[in-house]
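Put the complex together from the two separate chains, hints included.
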Amino acid sequence: MSSSESAVEHALDTSFFQRWLTAAAESVQREAARLTELDSAIGDADHGTNMQRGFAAVTEALEKEPPGSPGAALILAGRQLISKVGGASGPLYGTLLRRAGKALGDAAEVTPQQLADALRAGVDAVAQLGGAAPGDKTMLDALFPAVEALGGDTASFTAAGEAADKGALATVPMLARKGRASYLGERSVGHQDPGATSSALIVAALAEAVR
Amino acid sequence: MTQDSGEKLVGVVVVSHSGEVAESVARMATALAGGGTAPVRAAGGTPDGGFGTSEELIREAAYAVDQGAGVAILVDLGSAVLTVKALLAEEDELPEGSRLVDAPLVEGAVAAVVTASTGADVDTVAGAAAEAYDYRKV
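Protein sequence lines correspond, in order, to chains A and B.
So the first sequence is residues 1 to 211, counted in the UniProt record's numbering.
So the second sequence is residues 1 to 138, counted in the UniProt record's numbering.
The set of hints was computed from the structure by calculation and includes no laboratory data.
Values in this document were obtained by computation on a predicted structure and should not be read as measured data.
We treat Cβ as the ideally placed atom computed from N, Cα and C, and that holds for glycine.
Honestly, I wouldn't trust all of these hints.
To give a feel for the contact side, a few chain A residues facing chain B, derived at Cβ under 8 Å [stated by the list, open to error]:
id : residue
1  : 59
2  : 61
3  : 64
4  : 82
5  : 86
6  : 87
7  : 91
8  : 94
9  : 98
10 : 127
11 : 129
12 : 175
13 : 179
14 : 182
With the rest of the complex left out, here is chain B (with noise of 0.2 Å):
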């Protein structure tokens, strides 16, 4: 938390279908992170507050959160799987840097915020989520 150097951080978008668990997935995130300093957004729903994926919430949060350092983009199912990599594909509508992460939405944002908060670079946070995959439960 006083870490204050004017250092960049890796920015982290949590995307889901539903607005309430896209929040609530990057507050716990936070607040499980120590209150990390990472900046974290949600882009939960379209924008009239139903269920889907919108595209401009997705973008509005990546630049919210873009410091310089890229954007970790964790998403939950369908839509929001082809909306990050559609986005992705033509190149000029994410900040730079920005990367789909492939890991759970709620363990891997988790993972991302913690790490990001160190000040790691994008590609050691996408593999830090990424790994909670490897995380057996049973």
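One chain only, chain A, in its complex shape (with noise of 0.2 Å):
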């Protein structure tokens, strides 16, 4: 516990990764027929029942197991996506969410910048792990927007919500290089990036989880 009123204001606990990683079920709950829809139109039609299965998993996992730190929280979340999800986004968010709870530690409690940071280090191992850069058409088109925006308060969590939708918006008109999408080649473009769209949720959902 911190004895400074702003830092215990700002401090994220245990129960605010809860919270966001519950808010991004219902969100991918709720928007999983347009995800599938989106990928439909480039991918294999699967992406919204995919992160469905992956995020109830998690939910189910976080109350069967309660985390006893934030990094064991995203940590748990990760695992359970790469393994229940069955595609791609499996270990791609997987590997997002483990590897910034990796860099959580076991703090009791983090600032909304070590968040950052953690999630920083979680989308660089992203790119690393598929090769992809931004203007790619992948979700890295809002994941990179997004952990730009997040800074040293929660208010950022908004400014990082907004910046990861206009990323994934921005992901339209771009050609697909990586995953399924990119043996369409031309046909990739004008349609939006099913993995964008789903990042932008899960980091919308960030905001609500502060209370």
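Written out as structure tokens, the structure reads:
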């Protein structure tokens, strides 16, 4: 517990992370049909169902084995996503959360800045795993602007959500260079990337978890 | 087949989006390796029998073939590649000496099982599988 009032106000404890992941799961559930529809245009029409299954497993695991720290919550969620999603987004989102969780260590509370740094490490790990760069029409086009917008206070969570959303929208005119959509070449242009869209949902859920 | 010196052999795991493909490639590789003695396991599809990649099945298969000499993992595409890479990046998820082999699935699996059955180490097994890329068919 910190003695400084502003630090207490902005401290993110384990229950914040549970609220974030639960809000993300609800959002994915709500938007599953849209994600699948986007994926049917340039992918194999399973992104919504895959993400829904993965995040349902996350909420179930959070209830069954409540994590003891923010880092443990993210590692638990990442592990569930890798094992339950069944598509490429599983290892990618799993790596994002697991790497961020490891960066947070076993601290009982973290600052928004520590969360921002941890998510940056997670996004870098995703880029390395998938070999993609911004502009390739992938989830990174939402995630990179999001971590750029994250900062030292919880108000930056709203900005990150908006930046991710804008990043997802910006994938529409892009040519897909990674994953199954890249087989389509020019025909991938004109469609919003499903992975960038689900990334924006997950980032937007951060602000919902703030109390 | 008569080799029985207690020698540790490299294990081979065949990962595909399809359970049938993985099973079939694993069986074919063993058969074409003359009933090779190297342990081979398939990790195909999702646990419920659908198409996809299961880290659970991959981990099970890797530990099942692990004799302590390393495990050569052959994959088809997309999430199969990413899942194995993600598991390897975590360091404690797969048996020590596990390697993602950069090779075509079918040809690579045959070369891997043949080479592993000779008692070669995991680098040699991975190298033999990767050589399959150099064999032009036309």
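The hints, checked one at a time:
The criterion of a C-beta within 8 Å of any C-beta in chain B is not met by residue 59(A), whose closest approach is roughly 19 Å, and the hint is violated. The interface hint given for residue 61(A) is violated, since its Cβ lies 14 Å from the closest Cβ of chain B, which is over the 8 Å cut-off. Because the beta carbon of residue 64(A) sits about 17 Å from the nearest beta carbon in chain B, more than 8 Å, this interface hint is broken. At about 5 Å, the closest approach between the beta carbon of residue 82(A) and any beta carbon in chain B falls short of 8 Å, and the interface hint on this residue holds.
Interface hint at residue 86(A): satisfied, since its Cβ lies 4 Å from the closest Cβ of chain B, which is below the 8 Å cut-off. The interface hint given for residue 87(A) is met, as the beta carbon of that residue sits about 5 Å from the closest beta carbon of chain B, less than 8 Å. Evaluation of the residue 91(A) hint against chain B yields a held restraint, the C-beta minimum of about 4 Å falling below 8 Å. The beta carbon of residue 94(A) comes within 6 Å of a beta carbon in chain B, closer than 8 Å, and the hint placing it at the interface holds.
Checking residue 98(A) against chain B: minimum C-beta separation of about 7 Å stays under 8 Å; hint holds. About 12 Å separates the beta-carbon of residue 127(A) from the nearest beta-carbon of chain B, more than 8 Å, and the hint is not met. At its closest, the beta carbon of residue 129(A) sits 6 Å from a beta carbon of chain B; the interface hint therefore holds under the 8 Å criterion. Evaluation of the residue 175(A) hint against chain B yields a violated restraint, the C-beta minimum of about 18 Å exceeding 8 Å.
Below 8 Å, beta-carbon pairs count as interface contacts, and residue 179(A) has one with chain B at about 7 Å; its hint therefore holds. The beta carbon of residue 182(A) is not positioned within 8 Å of any beta carbon in chain B (closest approach about 11 Å), and the interface hint is therefore violated.
Going down the numbered hints, you'll see the structure goes against 1, 2, 3, 10, 12 and 14, while the others check out.
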